[in-house]
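Residue numbers (this note's numbering), protein chains in the order written: chain A, 53 to 582; chain B, 189 to 502; chain C, 371 to 830.
Read the hints as simulated data drawn from the structure, not as lab findings. Errors might be hidden in some of the hints.
[What the hints assert, rightly or not] To give an idea of the interface, some chain C residues facing chain B are shown, with a C-beta separation under 8 Å as derived from the structure:
no. : residue
1   : Leu671
2   : Arg706
3   : Gln711
4   : Phe760
5   : Ile787
In this text, a Cβ means the ideal position worked out from N, Cα and C, and glycines have one as well.
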Amino acid sequence: MTPRRLLALLALCFAGFAPLSAGAEPRTIKLLLSSEPPQMNSARATDQISIMLLGHLMEGLTRYGQNGELIPGIAESWKMDDQRATFQLRRGAVWADGKPVRAQDFVFAWRTAVDPKTASEYAFILYPLQNAEAINAGKLPTSALGVSARDDLTLDIAFEKPCGYFLGLTAFPTYLPLREDFYTQKTGRYGADASDLLTNGPFKLTSWVHGASLILEKNPLYWDAERLHVDRIEIPYITSDPNTAYNLFLDKKVDTLGISKENLDRAQADRLKMKAFADGSVWYMDFNHREGRVTKNYHLRKALQLVFDAKEYVSRVVGIPGTKVGVSLIPSWVPGVSGRFRVEFPLTPTKPDIEEAKRQLELARQELGGTIPPLVWLTDDGPAAGRQAEYFQYLFRTRLGVDLRIDRQIFKQRLAKMTAGEFDIVSAGWGPDFADPMTYAELFTTWNDNNRGKYNSAEYDALIRKAQSTADPQTRMSAMAAAEKVLLDDVGIVPMNERVLIYAHQPRVSGIVRHVVGPDPDYTWITLSD
Amino acid sequence: MLRYTLKRLGAGLLTVYFIATATFLAMHFVPGDPIAGNKAMRPEIRQNLERMYGLDKPVSVQYVVFLGNMLKGDFGISFTQPNRLVNDIIKDHFPVSALLGVLALAVASVGGVLFGSLTAVVRGKLADRTVMFFVILAVSVPSFVFAALAQQLAIRANASAGTTLLPVAGWGSLRHMLMPTLVLGLGTMAFLTRLMRSSMLEIVNQDYIRTAKAKGLPTHRVFFSHQLRNAILPVITVLGPSIAAITTGGFVVETVFSIPGLGRYFVQAVQQLDYTVIMGLTVFYGAFLVFMVILVDIIYGFIDPRISLTKAAS
Amino acid sequence: MNVLTRSDFEPVPREGLERGPSRPSLSYWQDAWIRLRKNKQALVSLGIVIALVLFTLLGPFLWREDPSAPSLSRISRGPSLVSDVPVLPELAPFQEEILPDVPPLPSADGASLGAPSKLEWLEPPTVQAVRMRWDAVPGAAGYLIYRSQDPPTGGYFGLPVGTIEAGNIVSFEDSFNLEDRKYYYSVVARNVSDSRQSITREVELSPGISLGDAQAIRPDAKPGEMVHFAVRPFGTDALGRDLLARLMAGGRVSLFIGFFAPLVALSIGVLIGGIAGFAGGKVDQWLMRITDFVLALPFLLFMILFKVMLGGGPGQSGISAMLIALIALSWTGVARLTRGQVLALRESEFVQASRLLGARPLYILLRHLLPNTLGVILVSFTFAIPGAIFTEAFLSFIGMGVEPPAASWGSMCNDGINTFLIHPHELIFPAVFISVAVLAFNLLGDGLRDALDPKMRSVE
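Bound-form chain A, shown alone (with noise of 0.2 Å):
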């Protein structure tokens, strides 16, 4: 290679990397992505780490506090019932180039995201409002949505059902604001780079260097821009290496860390000031349910389920403090009528009990013509996967004699298996987009194509109807309370767990808010004392 090529190679390298002066003014924190993010198209972000980012770029009608509860955002006040909303915006808020925002912003994003032209994975999350799931199907214009602006700074819904959680829903992703101009002039390309987007948040993308950094600044146009105590988001690493990250932390270039379970012992001899965060997602064992499946015996999967000692479990196998034991399909974190979902609707768990357990085995040998063939566990590749596997085909090889046959298979493969109901069990898990019991609850219906078990029951889906036709808090609970117990008498799932995350931060950060539905962590609260 010639001087004049190293040069120019070198050069490349370089170009985009600006050097980042140590010690600068700017109060600036720095974090790392396990991976880059796809795309910050709003409208069709479907990952958690550009949900984080967009969260801090962009504001919707309404986002989440410090406490997790919902605070006005773009919109000021609002008024609602079941058939209608109206937002009315605040003036002062305006786009990164100090134009405002108006309603027709939200107009043009939410028909944008309902488009079956933009192909969003996310455009059920709008089916609440009127003729939504009309439009993404084809039958209607986008121009029928349920949404319209009255004037510049009142927007108007109407809704398709009544929906008891649509104001959590205005705090997500999909639902966020879209400039019709920039949108249209980008061509396709919006969301490709810093200069391809237009924000309206607390910060703006500066820099973006794909697969290596990125750089947020504080927006000063911000109408809310006096509580950020902090000027420069820099994330100068993108590595999916959880010991990378560990190092670097320990390294203190970046000022927060995300402890794997391997990493926890290092953690407590490191002397880390850990933290524990529920996220939210419950973990279970989900069963296929389709004619010809050995799983599709009740006594079988009832055995399994008694032979399955959770406390073990999340202790041992899991390895994460704090693990919650899963009762159930809806986590305990859950908001209910007025407290939480599960201590307004009460659930005794299944004790392991191997007698018992045995016995329905036997039940299942029966129906099912004398022999049980070896079941398939389908996981996938990590390596926690592999050991939660392992664990439960000991557990049901000694236990019941049952052979567990390991199928391990990379993302896209898994999915298809899945997809296609190639699988006996598969070790399934959800997080929720919003903070309702309907999230996980709905999970389970015929219409649902994220059912991969194919579960079905009459009398669940009647339930679920029940709660999806009503706005009414205890009417709507009740159903879902009770859709959850025929759920799991039925062992449609065999909850395992509900996870944990232990994170740690540099002392110098405070104040960093994690939520469960919604964009996690949120540094737009931090204070740094340095």
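Given the coordinates of chain A, assemble chains B and C onto it according to the supplied hints.
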């Protein structure tokens, strides 16, 4: 020589074509849906996405379309990063991988030739056994471990010095390149060491070496003009494909040291079944590899006078 | 100086001169065998290889531990000797203490909150569970319970083992991975501003084992009896499985794949490279372009393809599929190296001589050219072994190769990487075995090369 080169380039293009075709077929045969995500999709949305990516047409038509685009140099838009052109991905990340790869290979070659020659000369003695021990170690332990150990070293060095001597991760300055280069080049250096040693050993006892020494040539002259030049042939053979492999295959090093290189993209693309990125990177890598092989073959002729590429066996 | 006489110039009679050859005429192979036998290093390494094979084949008969039996009370322990532990009585279910007259979520200001004034154990703590209660802090909206292994100082409390989200619940049961050691528990109000407002209490747990875990070892175990923890010379892995047994079981796959995959791949590669280098011209071009083609294919993609085409479903041994896949994609390197060597030697005098004597090309290739390329071949072979072992481990992630719970040395390394800074034994032992195997094959290869290399034939 010119005719030979042109013939080789022509054959190379044909090879790249076959590589592209085989990969295309393999990609479509492998089960899995490139568009499927964790959340199930409405059938109408699916159809729209398929139309957007041209996946709604039969595979044979897609193939023809792909070939046409490839000839124009257009590899399309990534499925997983729907706002980035595959060409941009290559343009942004290949230079990083290339630099890392070239440096790693330079270190590996120099080290390999050096240690290989050294151990050949002192064969059987302590130095030979020590180097052999390290070579075995380098190859029996996954490179992940060396990367993690290197980071540990960096942390302790930084802590005791009070400032950042060696960055733990990242890319952008010479200091950033030090550890990743060493870790990436380690395996190849071990291989080249043994290869060089074996090659040297065959030469060291040859008559013409004895003659050269008897003639009174100084040791370094004997070494460079005679021993090295004859022994280095296998090393050159290995270097050609190595540069291509290291440049796109530095997945582990890129992940651990947070380097924005092409290796990570390639692995992720296969895992996510990102058709366009897989095809683009495969064709690019294939072309690069073929080119390096041609280069190496031409160098053969210059280095070793015994070799005549154009003559067939009589 | 000798004085020469006339008799010195008389012609010597023929008889009596023939003393016969100084040594028997040796064929190439006989000579090689003699040289190999004399090479002490090679013999030792041959012995090591045999020892490893015996270790994996006969070992399980002598060391009868189940390599796939988890022992969740002994996760990731280092090498340990025999120990006896008492079986603990079964735990009664834990009753949470909820104070009736305290509001669950008061809205007190965090700055006014202090530390709980008392922290006590509800019953004697054991490795089964540590149950504690504390006095409520007025205005607390819940409590955080931490556990550390050293005294908490400077705001460091240890692992967050519990989060209580209501101010009127003042008890907690910790059963997370307890071991027989000293622990320091700290309780802090959840909404406190000053995190130093905590109460700490230390406890030392004695060895013990729960009834369930004990019955997994000995089904008739009862509380109060002692149960025997067998010796673990190499420690246990993340699920508590015996590493020695796993090394024995895993060695079978690793040695088999590690030896045969490179052997077959190299044979193919050497033949192709040799023919290409010797024949030259069009044959060379075609063979080398095929080599380039295989080299450039994306490895992971084709591995998945092979798995789909060749492998069975889960549960069927994927070994043969993986063997085929490994061989199909790894013969290229040695093909190129061999070709290079053969190209260089093609015009040598001994080859020309052989040709002049009428030897057929195949004979020249096999008898003359290839033995002279042995150096390169053997180096490739010894480096292909760990390559095959680690590729096999990597492929087990996508479901190829050994079927869980069976392990291989490579997959054990992969598992051990994650924790090697704290539990190095999980990585070190399999890596040592791989190193020893590679070293042994390497030295054996060196010895073979010395023995088979015609340039080094004995010259007496």
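We went through each hint and held it up to the structure:
no. : hint   : in the structure
1   : Leu671 : holds (5 Å)
2   : Arg706 : holds (5 Å)
3   : Gln711 : holds (7 Å)
4   : Phe760 : holds (6 Å)
5   : Ile787 : holds (5 Å)
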